[in-house]
Amino acid sequence: MLRYVVRRIVWGAFLLVVVSALTFVIFTVFPSADPAALRAGRQATPELIAQIRHNLGLDKPLYTQYWLFLKGIVLHFDLGYSYQNSVSVESQIFTRLPVTLSLTAGAFVIWMVVAIPIGVISAIRRRSLLDRATMGAALVAISAPVYFLGLIALFLFSNDIGVVHLLPGAGSYTPFSVSPWRWFTALLMPWCVLAAAFAAFYARMVRGNLIDTMGEDYIRTARAKGLSERRVVARHGLRAALTPVVTMAGLDIGILLGGAILTETVFNIPGIGRYAYDSIINSDLPAIEGTVLFGAFFIIAANIFVDILYAFLDPRVRY
Amino acid sequence: MALLEIRDLHVSFATRDGIVHAVDGVSLSVDRGRTLGVVGESGSGKSVTALTVMGLTRLPNATVEGHVLLDGVDLLALPGDELRRVRGKRVAMIFQDPLSSLHPLYKIGWQIEEAIRAHERVSEKAARARALEALTEVGIPSPGDRLSSYPHELSGGMRQRVMIAMALVLDPEILIADEPTTALDVTVQAQILDLMRALQAEHGTAVVLITHDLGVIAETADEVAVMYAGRVAELGALVGVLDAPEHPYTWGLLQSLPSADASREQPLHPIEGTPPSLIAVPSGCPFHPRCPYVMAVCPREEPALLPTRPGHTVACHLPVPTRRRIGAAVRAPNARA
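So the sequences go chain by chain: Y and C. One point on numbering: in my numbering, the residue at position 160 of the first sequence is 160, and numbering is uninterrupted. One point on numbering: in my numbering, the residue at position 134 of the second sequence is 134, and numbering is uninterrupted.
Just so you know, the hints here were simulated from the structure itself, not pulled from any lab data. All values derive from a computational prediction rather than experimental measurement. Where hints are given, some of them may not hold.
Said to hold, decoys possible - With a Cα cut of at most 20 Å, we get these calculated SDA-like pairs of lysine to any residue:
hint, chain 1, residue 1, chain 2, residue 2
1, C, LYS107, C, GLU153
2, C, LYS107, Y, ALA234
3, C, LYS107, Y, PRO61
4, C, LYS89, C, ALA201
5, C, LYS107, Y, LYS60
6, Y, LYS60, Y, ALA21
7, C, LYS89, C, GLY33
8, C, LYS89, C, ASP31
9, Y, LYS60, Y, SER283
10, Y, LYS71, Y, ALA21
11, C, LYS107, C, ARG130
12, C, LYS89, C, GLU65
13, C, LYS89, Y, VAL232
14, C, LYS107, Y, ILE219
15, C, LYS107, Y, ALA311
16, C, LYS107, Y, LEU313
17, C, LYS107, Y, LEU309
18, C, LYS107, Y, ASP314
19, C, LYS89, Y, ARG230
20, Y, LYS60, Y, PRO46
21, C, LYS89, Y, ARG220
22, C, LYS107, Y, VAL232
23, C, LYS107, Y, ASP34
24, C, LYS107, Y, LEU15
25, C, LYS89, Y, SER228
26, Y, LYS71, Y, PRO61
27, C, LYS107, Y, ARG318
28, C, LYS89, Y, TYR310
29, C, LYS89, C, LEU105
30, C, LYS107, Y, ARG239
31, Y, LYS60, Y, LEU22
32, Y, LYS71, Y, ASP34
33, C, LYS107, Y, PHE312
34, Y, LYS71, Y, LEU15
35, C, LYS107, Y, LEU242
36, C, LYS107, Y, ALA21
37, Y, LYS60, Y, ASP34
38, C, LYS89, C, PRO104
39, C, LYS107, C, LEU154
Here chain Y stands alone, though its shape is the one from the complex:
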């Protein structure tokens, strides 16, 4: 088990290097705006741009640029400084992490609380009106893109442009430490919008898994023992049906911690996703590298975590 974990971590570190190299190559190979020109502002003299380019190290050969970047990360855990405003990328990401964490955690709670009961009930009352209605709604929710759903939500419920002035609109994020209530109300809409597609997907997954599980021989055994149907479903059916759901949830959380770009952009939430979006717009390579690496780190970490967790959830799994 320990050997397995160590092997996975080494492999994960290697993957991060590959990801950083790919990001760098994509950024430098594909045409993008000149960061030095962007920073110099309008009507900049060629001398100023050259000066800025030299200051940012953009006049060095590409492999030197990448080498310096990689060395900074490995030796000092330093993601470099933004081309845009010379602020350390690392500090930017860590200030924004609690924001993304708030968004992810709230959405996760909502989507699980919605998905599991709906999935279970529609699995047990299969082909009932409720099953058909919820699964139909789930299909709509899965198909609706976040930016569409987000804009509709803002248009309907935000207290500036909304039809009903119900909740704070875009750009109203307040840290929990400042005001828990405002934190909550500002995030409620983004949580629901982000959770919608996940809730729908998970409800379908819980339903499908539970239907499969309830057809297993050991469910027949549980019934033959004289257990109540409630116990058969809850202790025997769900226990097996939820194991893959837990795995999936771990991976999805990992992805979201890297930044829910669409949701954070639509609602103008200052999280990692919003930072990634801004840094792409500004051709800010260190910030792009930083956010991509951060996202990749969470995805790889979530993968390792889920694989280890699985061994605890299913005794048949051994490494």
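Based on the hints, put chain C in the right spot on chain Y.
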């Protein structure tokens, strides 16, 4: 009155392809300490009959008619929660594949304790002690350690022993065993059958043994019911049915058995054709399309299950002397020592 009496049981399922008549007028009974062997091909209705006794065919698409009397009480008429109290407590069941029949994610001890606590209010400690006792009784080595094993950590034979321990831990009056040895090695099969016999002798349990294996029936049953297309074709004492079989389907089953003393060149005689669809059951006698002795009356009229001698009933249109003559001829080359 017999301990368990199934009277004129009909079970059908509405499916997308049509109505499946899985069980069509079956009457069977078994008494304390006795073993009823139910034999037939897949789709003969033997498993559905057993599941119906347990109330496990109470599905939205199922229609169940007839009576299942346990000590005179009709289980089919019981409401769900009262039937639940019978299930596992008075009538227990074990299944074909012990690996898939045990929950893969729970420890064996927990699964046995759960069976106890479903019916009795006992402390965790007492339940554990009884689970241990049950595992010891079915001959599992180092039963104390096995309590905290998962099913996948045991061999097939050990798993079936666990299933038996779980079924018998509440000392039920009836044990229904649905193909209990089919998924096991031949040597393990014999051990499991011996174990079931020993436990039955000790507890006086009535056993309904469902199998497609006439060899298993010959070793364990007191009475035999041969089922075909959801009906009983022949029913009687073991000796009567195996030594003087009177139904062409039973002859077919016996002839299709390989025998150890026959020469290798002697071909096996499978029954021609395939078991009928239970959606479109053949008219008259359901066996007539496969029967080598088919007569004009067979497709028209369904033969009634009539006594041919004391304690032996057969559903066949053939004249009794003909049946006896052919039955004796069928039996002779295969006679057991």
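Against the structure, the hints:
no., hint, result
1, C:LYS107 x C:GLU153, "holds, 10 Å"
2, C:LYS107 x Y:ALA234, "holds, 17 Å"
3, C:LYS107 x Y:PRO61, "violated, 62 Å"
4, C:LYS89 x C:ALA201, "holds, 19 Å"
5, C:LYS107 x Y:LYS60, "violated, 63 Å"
6, Y:LYS60 x Y:ALA21, "holds, 17 Å"
7, C:LYS89 x C:GLY33, "holds, 17 Å"
8, C:LYS89 x C:ASP31, "holds, 17 Å"
9, Y:LYS60 x Y:SER283, "holds, 18 Å"
10, Y:LYS71 x Y:ALA21, "holds, 13 Å"
11, C:LYS107 x C:ARG130, "holds, 15 Å"
12, C:LYS89 x C:GLU65, "violated, 24 Å"
13, C:LYS89 x Y:VAL232, "holds, 16 Å"
14, C:LYS107 x Y:ILE219, "holds, 15 Å"
15, C:LYS107 x Y:ALA311, "holds, 15 Å"
16, C:LYS107 x Y:LEU313, "holds, 13 Å"
17, C:LYS107 x Y:LEU309, "holds, 18 Å"
18, C:LYS107 x Y:ASP314, "holds, 11 Å"
19, C:LYS89 x Y:ARG230, "holds, 18 Å"
20, Y:LYS60 x Y:PRO46, "holds, 18 Å"
21, C:LYS89 x Y:ARG220, "holds, 15 Å"
22, C:LYS107 x Y:VAL232, "holds, 16 Å"
23, C:LYS107 x Y:ASP34, "violated, 63 Å"
24, C:LYS107 x Y:LEU15, "violated, 38 Å"
25, C:LYS89 x Y:SER228, "holds, 13 Å"
26, Y:LYS71 x Y:PRO61, "holds, 15 Å"
27, C:LYS107 x Y:ARG318, "holds, 16 Å"
28, C:LYS89 x Y:TYR310, "violated, 35 Å"
29, C:LYS89 x C:LEU105, "violated, 24 Å"
30, C:LYS107 x Y:ARG239, "holds, 13 Å"
31, Y:LYS60 x Y:LEU22, "holds, 19 Å"
32, Y:LYS71 x Y:ASP34, "violated, 24 Å"
33, C:LYS107 x Y:PHE312, "holds, 13 Å"
34, Y:LYS71 x Y:LEU15, "holds, 16 Å"
35, C:LYS107 x Y:LEU242, "holds, 18 Å"
36, C:LYS107 x Y:ALA21, "violated, 48 Å"
37, Y:LYS60 x Y:ASP34, "holds, 15 Å"
38, C:LYS89 x C:PRO104, "violated, 23 Å"
39, C:LYS107 x C:LEU154, "holds, 11 Å"
Taken one by one, the earlier hints fail for this structure at numbers 3, 5, 12, 23, 24, 28, 29, 32, 36 and 38, listed in ascending order.
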